[in-house]
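Here is what each chain is made of, one letter per residue.
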Amino acid sequence: MNILIKIVILVLLANTSDALAGSRSTNKLFLDPEEVVKFSKDVEKYAASKGARAFIISRLGTPKSELPKGIHFTHTAVAVYSTIQLSGGKSVQGYAIHNLYQDGEDSKFSSILVDYPVDFFWGALELKAGIIIPTPELQQLLVENIVSSKHLDLHNPNYSLLSNPFNNQFQNCTEYILDVINASIYQTTDKQQLKANTQAHFKAKRIKRSLKLLLGRILKDDLTAKDHGRKIYTTTFTTIGEYLQNNNLSNDFIVLDKDGTVTDLM
Amino acid sequence: MKSIKLTFALIVLFSSSISLANSGASENISAASKYSVLSVSHGIKASGQVVSGVVAVPLIIVGQVGSVSLEAGETLMKNAIGSEELVITELTITADPAPQRVMQNTVDEK
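Top to bottom, those sequences are chains A and B.
Counting along the first sequence from 1, when you hit position 119 you're at 119 in the numbering used here, and nothing is skipped either side.
Counting along the second sequence from 1, when you hit position 12 you're at 1012 in the numbering used here, and nothing is skipped either side.
One or more hints might be untrue.
These stretches of chain A come out as covered by chain B in the derived footprint (C-beta under 8 Å, 3 or more residues) [what the hints assert, rightly or not]:
hint: 1; stretch: 80 to 89
hint: 2; stretch: 93 to 106
hint: 3; stretch: 188 to 197
Some chain A residues close to chain B (C-beta under 10 Å, calculated; not the full set) [unchecked claim]:
hint: 4; residue: 26
hint: 5; residue: 53
hint: 6; residue: 114
hint: 7; residue: 116
hint: 8; residue: 143
Below, in silico cross-link-like pairs of lysine to aspartate or glutamate (EDC-like), each with a Cα-Cα straight-line distance of 20 Å or less [said to hold, decoys possible]:
hint: 9; chain 1: A; residue 1: 50; chain 2: B; residue 2: 1084
hint: 10; chain 1: A; residue 1: 45; chain 2: A; residue 2: 103
hint: 11; chain 1: A; residue 1: 50; chain 2: B; residue 2: 1090
Rather than coming from a laboratory, the hints here were simulated on the basis of the structure.
If you're wondering where the values come from, they're calculated on a predicted model, not measured in any experiment.
Don't be surprised by glycine CBs; every beta carbon is placed ideally from N, CA and C.
Kindly generate the complete structure, drawing on both the sequences and the hints.
Structure (structure tokens):
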């Protein structure tokens, strides 16, 4: 191939790859830090006002114009109301967020890490939060799952940006949260059983194959379609919200904006 | 000529892919931690409200995990988790970076 074309592809894909950014914990800041702090606290207070002991939280880390159609957020995790011990020894109440984050050294792998709302929204491109508050009964099961560390048994460190939720080959942040939810519902960490249940009851988001996706797969280590068939399906914040809604397992399914506007997705 | 046309087509095709990810208010902090940025921010610094969280323990009101009978569990769940508003600290809590990153930042700063 002409060297000039190769260079153009590499340069343009360097930007395109940001559009397919996965789940990373980052120090890179795009917004005013005080606004991030205020918004993070607003999200906590919203969930607290609903009495949420555990809720699903999502952020936007990529320009919305770059996202595939139907995808509104790029990273999803579960927030749990906790007693937080501070470095000075004092303890306070707030939400701790349990995330699947890609490893900084090798994006093909991931780890489960706990952070807090300001960390979660630090690298966001827009101050907008996706929030799903499960029913009290499911909240309780989620909390028990995490207290017993069963959520760690559900982690597959082999990361793929568009992992297939119907098998165990790879896992991204949103699929991980779905697995934690289902493990809580079905009271099992048997991955085969969980995937069978997912296949039977969960409707994933179809991502259409495109030239951009094909070229992204050539250059991005964390983007593969090996775990998919002819069609690509992945988990999203919206598909999780719809899944819980359709099974009468959620009370709130909303988007909270930085000006306090709540958009109901139910 | 064919190569130039193809190159131009690719530029047009991917022109919408140019990410805004590099046009933020603050570029890669590199050695400076998030905590440092928060600490020097005028409004946040003035309030003295930035702290590091060491460990977070989920609050669970019901008895020991696995030890609650179904009947008792239903009653306890209704009492434990409802819609009553929860207390949230006004402090800004942030997690420290992983030890490897902290050590690397220490080495870089030296």
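A quick look at each hint next to the structure:
1. By the rule of at least three residues with a Cβ nearer than 8 Å to a Cβ of chain B, the coverage given for the stretch 80 to 89 of chain A holds, with 9 such residues.
2. Residues of the stretch 93 to 106 of chain A lying with their CB closer than 8 Å to a CB of chain B number 5, which satisfies the three-residue condition for coverage.
3. For the stretch 188 to 197 of chain A, the proposed coverage by chain B is not satisfied: 0 residues have a C-beta within less than 8 Å of a C-beta in that chain, short of the threshold of three.
4. For residue 26 of chain A, the interface hint holds, since its Cβ comes within 10 Å of a Cβ in chain B; the closest pair sits about 9 Å apart.
5. The interface hint given for residue 53 of chain A is met, as the beta carbon of that residue sits about 5 Å from the closest beta carbon of chain B, less than 10 Å.
6. Given hint, residue 114 of chain A at the interface with chain B, holds; its Cβ is 6 Å from that chain's nearest Cβ, closer than 10 Å.
7. For residue 116 of chain A, the suggested interface contact is upheld, since its CB lies about 4 Å from the closest CB of chain B, less than 10 Å.
8. The closest approach between the C-beta of residue 143 of chain A and any C-beta of chain B is roughly 5 Å, which is under the 10 Å cut-off, so the hint is satisfied.
9. For a cut-off of 20 Å, the pair hint linking residue 50 of chain A to residue 1084 of chain B stands: about 7 Å separates their Cα positions.
10. About 30 Å separates the Cα atoms of residue 45 of chain A and residue 103 of chain A, which puts this hinted pair outside 20 Å; it is violated.
11. A distance of roughly 18 Å separates the Cα atoms of residue 50 of chain A and residue 1090 of chain B; the hinted pair therefore holds under the 20 Å criterion.
The structure fails hints 3, 10 (numbered hints given earlier, in ascending order).
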